[in-house]
Amino acid sequence: MLIKSIFGGKSEVTESGSKKCPVVLMTRIRLARNLADTPFPGWAKETRRKEVLETCLPSVASLSQMKRGISAEIESLSDLERQILVERHLISRELSGHADAAGVVISKDQSISVMINEEDHLRIQVIKSGYRFKSVWNAADAIDTALEEQLDFAFSSKLGYLTACPTNVGTGMRASTMMHLPALVISNQMEKVVRAVNQLGIAVRGLFGEGSDASGSIFQISNQTTLGESEEEIVKRLSSVLRTIIDQEMNAREKILEKDPNKLYDKIGRAYGILQNSHLLTSSECMNLASLVRFGVDLEMFPEKTRNIVDRMFIECQPGHVQYHAGQEIDSNARDAFRAEYMRKQFENVSRPIFNLHETSTEDDTPKPDSEPETD
Amino acid sequence: MAKPLKCDVCSEPATVHLTQIINNQIHKIDLCENCAEQKGITDPSGYSLADLLVKPESNQGAETSALSCPECGCTQREFKKSGRLGCAVCYETFETVVSPALLNMHKGDSHKGKVPQRALERATFMDRLGSLENDLKEAISSERYEDAARMRDEIIELKKAMEAAALED
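Protein chains in written order, with the UniProt record's numbering: chain A, 1 to 376; chain B, 1 to 169.
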């Protein structure tokens with residue numbers, strides 16, 4: 001039942017292709033909150049954890065933002081359902097692994113999820129497609145304020161919101177964007193970029209957070225520090241770093257096209273060929289192919305509507321989603337076959353890439369955060 | 001030949017060398033294999049150098065490691081092992097360890113962001129209540145019974161106001 005409602009509605013994460021946004025795939029903010037006078041989940045006894053779940057789950061589910069949303073105890077979900085939620089960034093791997101007395105509430109449009117008894121009692125997360133810190137922060141802030149009406153949060157006037165891990169204390173906020181950086185990866189500049197931004201207190205991770213690889217050239221870039229700056233200052237500092245990374249990526253794209261366009265056209269042409277004809281595809285290969293096609297869309301080699309297919313691919317080629325579409329749990333060999341078949345179908349009607357020199361198409365259309373159109 | 005580096009924790013020869021840059025400051029640490037494993041460095045799923053930098057001072061080390069939180073029972077050893085605190089009070093209990101670590105890992109040592117209104121009101125109430133109760137004790141012990149009666153009434157009023165505020169929410 002849960003899976004059906006997840007797939008039934010339109011979701012922020014899988015519908016991002018509607019707007020042209022070459023580098024920033026999604027924007028996310030999460031806030032860590034804890035109840036006052038209650039031990040943190042990692043230290044609390046089972047009974048206290050249950051109490052927290054019983055207090056928080058109805059409180060969160062009753063918020064107007066969560067109307068007609070999904071609310072579930074993690075223990076009641078199958079492995080496959082949990083995996084699908086992880087792949088959609090709606091719960092963390094950690095929550096999926098430590099399911100006892102843990103829960104989640106997800107809004108109908110899947111842009112908001114609140115995890116209960118993860119590392120902290122509450123993890124409020126808002127995720128939207130494109131580059132939209134302002135609207136993402138407004139949504140997270142509103143949920144937090146609404147919850148504060150019902151729940152007492154652990155807060156100290158000196159240290160701010162108190163969290164289980166001291167790395168989150170203060171604002172309890174982690175702001176991040178998912179960035180698609182194929183040219184920086186192709187030209188071997190990512191290591192340099194990572195080193196440089198780390199020095200500025202900004203972290204770079206793979207698509208699925210800590211410890212995940214960077215297949216598909218997608219990186220999650222977030223603030224590392226939470227104390228000593230306001231939420232606004234943190235986002236501002238992060239945005240200026242993101243701006244630089246976007247510029248670097250755009251420069252790298254231009255250089256590749258200038259220096260060795262055939263090498264790039266070859267990669268993109270092959271990716272198209274494989275997606276239309278392969279019979280075995282691992283998720284990691286699929287991610288990398290999707291990345292190349294997306295790059296091709298940015299260069300106007302494929303029609304704009306192809307962007308939506310590849311953005312969905314990044315999620316739908318993950319093992320949990322493949323098994324859902326297959327209608328049963330299947331082993332990894334069968335998944336590779338099914339994934340290839342699924343992609344052949346997706347790419348059946350995508351026309352061949354147009355190869356010619358694009359001199360103007362590397363222009364960056366990412367809206368600046370200040371001028372972002374507020375759609376909600 | 002260069003002298004082999006010694007482990008910063010136990011002084012065995014160090015084989016693991018770690019450099020982390022936080023806020024433009026370079027932090028270096030050398031560890032032997034055993035200590036590295038204990039501190040979770042071989043486990044890529046997450047550790048923070050800041051946790052490692054919190055070395056017990058050689059003498060008081062034994063004492064402070066045994067320190068435990070009066071509220072939740074979490075010990076300093078536990079905190080160092082997991083990098084997670086047990087409850088909100090742990091921030092006070094382990095302040096001597098946490099505060100310098102916070103400075104290392106963050107941009108500052110005091111909160112500048114959002115403030116939850118309710119928690120703030122509660123904190124003000126509790127502060128006021130605490131100081132009134134103290135005054136009351138003092139008044140009684142110095143036999144100023146008129147003052148004590150006034151303070152008792154004030155405490156009752158304050159508690160009523162707190163309850164009313166709680167009901168409103």
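Hints in this document: simulated from the structure, not taken from any laboratory.
Values in this document were obtained by computation on a predicted structure and should not be read as measured data.
Think of the CB as a built atom: it goes at the ideal place given N, C-alpha and C, for glycine as much as any other residue.
It is possible that part of the hints are untrue.
[What the hints assert, rightly or not] Coverage of chain A stretches by chain B, computed from C-beta distances (three or more under 8 Å per stretch; other residues unrestricted):
| no. | stretch |
| --- | --- |
| 1 | 30–41 |
| 2 | 160–169 |
| 3 | 222–230 |
| 4 | 304–311 |
[As the list claims (entries may be wrong)] Subject to a maximum C-alpha distance of 30 Å in a straight line, what follows is the list of computed DSBU-like cross-link-like pairs (lysine-lysine):
| no. | chain 1 | residue 1 | chain 2 | residue 2 |
| --- | --- | --- | --- | --- |
| 5 | B | Lys28 | A | Lys158 |
| 6 | B | Lys80 | B | Lys107 |
| 7 | B | Lys137 | B | Lys81 |
| 8 | A | Lys134 | B | Lys107 |
| 9 | B | Lys81 | A | Lys50 |
| 10 | A | Lys255 | B | Lys6 |
| 11 | B | Lys159 | A | Lys158 |
| 12 | B | Lys81 | A | Lys45 |
| 13 | A | Lys158 | B | Lys112 |
| 14 | A | Lys134 | B | Lys112 |
| 15 | B | Lys107 | A | Lys192 |
| 16 | A | Lys45 | B | Lys80 |
| 17 | A | Lys192 | A | Lys108 |
| 18 | B | Lys6 | A | Lys267 |
| 19 | B | Lys6 | B | Lys112 |
| 20 | B | Lys137 | B | Lys160 |
| 21 | B | Lys28 | A | Lys192 |
| 22 | A | Lys158 | B | Lys6 |
| 23 | B | Lys6 | B | Lys28 |
| 24 | A | Lys134 | A | Lys108 |
| 25 | A | Lys67 | A | Lys4 |
| 26 | A | Lys158 | B | Lys107 |
| 27 | B | Lys137 | B | Lys112 |
| 28 | B | Lys80 | A | Lys50 |
| 29 | B | Lys6 | A | Lys45 |
| 30 | A | Lys345 | A | Lys263 |
| 31 | A | Lys236 | A | Lys263 |
| 32 | B | Lys107 | A | Lys236 |
| 33 | B | Lys112 | A | Lys236 |
[Claimed, not checked] From the derived model, a few chain A residues whose C-beta atoms are all more than 12 Å from chain B:
| no. | residue |
| --- | --- |
| 34 | Asp141 |
| 35 | Phe155 |
| 36 | Gln328 |
Tested hints:
Three residues within the 8 Å Cβ limit are the bar, and the stretch 30–41 of chain A against chain B gives 6, so the coverage statement holds. With 8 residues carrying a beta carbon less than 8 Å from a beta carbon of chain B, the stretch 160–169 of chain A meets the three-residue requirement, and the given coverage holds. Three residues within the 8 Å Cβ limit are the bar, and the stretch 222–230 of chain A against chain B gives 7, so the coverage statement holds. Proximity of the stretch 304–311 of chain A to chain B, defined as three or more residues with a beta carbon under 8 Å from a beta carbon of that chain, is not established by the 0 residues found.
For the hint linking lysine 28 of chain B to lysine 158 of chain A, the alpha-carbon distance of about 29 Å falls within 30 Å, and the restraint holds. A threshold of 30 Å between alpha carbons decides the hint, and for lysine 80 of chain B with lysine 107 of chain B the separation of about 22 Å falls inside it, so the pair holds. Between the alpha carbons of lysine 137 of chain B and lysine 81 of chain B the distance comes to roughly 42 Å, so the proposed pair goes past 30 Å and is violated. A hinted pair counts as satisfied when its Cα atoms are at most 30 Å apart, and lysine 134 of chain A with lysine 107 of chain B qualifies at roughly 22 Å.
Distance hint between lysine 81 of chain B and lysine 50 of chain A is fulfilled; the C-alpha atoms sit about 25 Å from each other, no more than 30 Å. The straight-line distance between the Cα atoms of lysine 255 of chain A and lysine 6 of chain B is roughly 47 Å, outside the 30 Å bound, and the hint therefore fails. Distance hint between lysine 159 of chain B and lysine 158 of chain A is fulfilled; the C-alpha atoms sit about 25 Å from each other, no more than 30 Å. With a C-alpha separation of about 19 Å, the suggested pairing of lysine 81 of chain B with lysine 45 of chain A holds against the 30 Å cut-off.
At most 30 Å may separate the alpha-carbon atoms for a hinted pair to count; lysine 158 of chain A and lysine 112 of chain B meet this at roughly 9 Å. The hinted pair formed by lysine 134 of chain A and lysine 112 of chain B meets the criterion: a straight-line CA distance of about 19 Å does not exceed 30 Å. Distance restraint check for lysine 107 of chain B and lysine 192 of chain A: the Cα-Cα separation of roughly 23 Å lies within the 30 Å cut-off, and the hinted pair is therefore satisfied. Simply put, lysine 45 of chain A and lysine 80 of chain B have alpha-carbon atoms about 20 Å apart, close enough for the 30 Å limit, and the pair holds.
The suggested pairing of lysine 192 of chain A with lysine 108 of chain A is violated, with an alpha-carbon distance near 40 Å, which exceeds 30 Å. Between the alpha carbons of lysine 6 of chain B and lysine 267 of chain A the distance comes to roughly 49 Å, so the proposed pair goes past 30 Å and is violated. As the CA atoms of lysine 6 of chain B and lysine 112 of chain B are separated by approximately 40 Å, the hinted pair breaks the 30 Å bound. Simply put, lysine 137 of chain B and lysine 160 of chain B have alpha-carbon atoms about 20 Å apart, close enough for the 30 Å limit, and the pair holds.
Between the alpha carbons of lysine 28 of chain B and lysine 192 of chain A the distance comes to roughly 20 Å, so the proposed pair stays at or under 30 Å and holds. Between lysine 158 of chain A and lysine 6 of chain B, the direct Cα distance comes to roughly 38 Å. Violation of the 30 Å bound is thereby established for this hinted pair. Proposed proximity of lysine 6 of chain B and lysine 28 of chain B is supported: the alpha carbons are some 13 Å apart, at most 30 Å. Distance restraint check for lysine 134 of chain A and lysine 108 of chain A: the Cα-Cα separation of roughly 21 Å lies within the 30 Å cut-off, and the hinted pair is therefore satisfied.
For the hint linking lysine 67 of chain A to lysine 4 of chain A, the alpha-carbon distance of about 17 Å falls within 30 Å, and the restraint holds. Annotation: proposed proximity of lysine 158 of chain A to lysine 107 of chain B holds, straight-line Cα distance about 14 Å (limit 30 Å). Restraint check for lysine 137 of chain B and lysine 112 of chain B: not satisfied, since their Cα atoms lie roughly 36 Å apart, outside the 30 Å limit. A threshold of 30 Å between alpha carbons decides the hint, and for lysine 80 of chain B with lysine 50 of chain A the separation of about 26 Å falls inside it, so the pair holds.
At roughly 40 Å between alpha-carbon atoms, lysine 6 of chain B and lysine 45 of chain A are farther apart than 30 Å, so this suggested pair is violated. Between lysine 345 of chain A and lysine 263 of chain A the alpha-carbon distance is near 27 Å, which keeps this suggested pair within the 30 Å criterion. Taking the CA atoms of lysine 236 of chain A and lysine 263 of chain A, the gap is near 37 Å; set against the 30 Å cutoff, the hint is violated. A threshold of 30 Å between alpha carbons decides the hint, and for lysine 107 of chain B with lysine 236 of chain A the separation of about 14 Å falls inside it, so the pair holds.
Between the alpha carbons of lysine 112 of chain B and lysine 236 of chain A the distance comes to roughly 14 Å, so the proposed pair stays at or under 30 Å and holds. Non-interface call for aspartate 141 of chain A relative to chain B: violated, since the shortest CB-CB distance, roughly 7 Å, does not exceed 12 Å. Residue placement check: phenylalanine 155 of chain A does not keep its beta carbon more than 12 Å from all beta carbons of chain B (closest about 4 Å). Even its closest Cβ contact with chain B, about 31 Å, leaves glutamine 328 of chain A beyond 12 Å, as expected for a residue assigned away from the interface.
Checked against the numbered hints given earlier, this structure breaks hints 4, 7, 10, 17, 18, 19, 22, 27, 29, 31, 34, 35; the rest are met.
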